[in-house]
Amino acid sequence: MAVLGNTRRVYIVTGTGTLTYTWLAGEQTNTFNRTAEAIETSDKSTIWAQFISGKKGATAEVTVFTDDTSTEPQHTALSALHNGQVVKVFIGTLSTGQNPAPTAGDVFEAIITAISDTNDVGTVSTRSISLTATGAVTHTPTIS
Amino acid sequence: MSILSKLFRRYPRYDVSAYRDIYTAVVTRLTRTGVRVGGGASFPRVEVHSIREQERLDKEGALRQVTLTVESISKSSLSEAVTMNEDNLRLMTEYEFELAGWNSLGVVPTQLQDLTETSDTNKILYRILQEFTIFLEKVKSDTPPVQQSNENENS
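Protein chains in written order, with our numbering: chain A, 1 to 144; chain B, 1 to 155.
Same shape as in the complex, but just chain A (with noise of 0.2 Å):
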């Protein structure tokens, strides 16, 4: 079933065993870039080009109204730009209730890689995070 995008949205996840979903609160939008290299395989025995998949990786970007304070999750995203750290990022559905979990969307261990900040006048100032998935994305539903 097609799902609205408003309901998709980026998290901060800290913890261990019991995980915190953080949400980047005033999110706009976001985009999640799954990728697989291209190794080619053919040779001269070959007309068509042949291929094999190669190393997998993610990228995203988000897009959020500019909030300074330091408690926010916007704050972690520009500690961990500065600090050159990992932070630990969901991107998806969570279920409703007491205890929500990821019910569609991947997780995944990410670099900062940019933040933009954009500030129009006559508009809400914009901050647009970009990252760099490190290591392996796990999605929900789980793949076999």
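Note that these hints are calculated values from the structure, not bench results. The beta carbon of each residue, even a glycine, is placed where N, CA and C say it ideally should be. A portion of the hints provided could be inaccurate.
Using 16 Å as the maximum straight-line C-alpha spacing, the simulated EDC-like pairs for lysine to aspartate or glutamate come out as follows [said to hold, decoys possible]:
1. 88(A) to 106(A)
2. 140(B) to 67(A)
3. 140(B) to 72(A)
4. 140(B) to 27(A)
Take a look, some chain A residues computed to stay more than 10 Å from chain B by CB distance [stated by the list, open to error]:
5. 31
6. 59
7. 128
8. 130
Given the structure of chain A, go ahead and fit chain B onto it with the hints provided.
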């Protein structure tokens, strides 16, 4: 249970319209002696109308953008209408709105339009329409809390 009660049970408080709060606040802000604010036929008069609450700006519906028109109407002179409009501009922008449940991010004056016209009785009404855009954010306590979960990852 009333229809309204059912509605508010279904939709949490943070998803209600900002219309009522902002309309009340703007009328209160613009009220001063010598000028009628609101409906009626007396002059000089200021009317607040054409309020348009735009699509929610963020995924939670916490950020709102409300556009409204403040009309200054005079029967005596264009100068009076212009002066009323300048007073409206000052009142609307000189300090932030204080609304229960909302943080005002700012008020941006946008278009100004002179719609001075002649009525059927050939008496001129001097009308200045000033448009404003107001940005609001729901206070944090009304947004859902941080969500927690037991570890539930696949590999």
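Cross-check of the supplied hints:
1. The suggested pairing of residue 88(A) with residue 106(A) holds, with an alpha-carbon distance near 11 Å, which does not exceed 16 Å.
2. Restraint check for residue 140(B) and residue 67(A): satisfied, since their Cα atoms lie roughly 12 Å apart, inside the 16 Å limit.
3. At most 16 Å may separate the alpha-carbon atoms for a hinted pair to count; residue 140(B) and residue 72(A) meet this at roughly 11 Å.
4. Of the pairs offered as hints, the one joining residue 140(B) and residue 27(A) holds, with about 14 Å between alpha carbons and a cut-off of 16 Å not exceeded.
5. Remark: the non-interface label on residue 31(A) is consistent with the geometry, its nearest Cβ contact in chain B lying 14 Å away (cut-off 10 Å).
6. With a cut of 10 Å on Cβ distances, residue 59(A) stays outside the contact zone with chain B, its closest approach being about 20 Å.
7. Under the 10 Å C-beta cut-off, the non-interface status given to residue 128(A) relative to chain B holds; the minimum distance is some 14 Å.
8. Distance to chain B confirms residue 130(A) as a non-interface residue, since its nearest Cβ pair spans about 19 Å, more than 10 Å.
When held up to the earlier numbered hints, the structure conflicts with none and fits them all.
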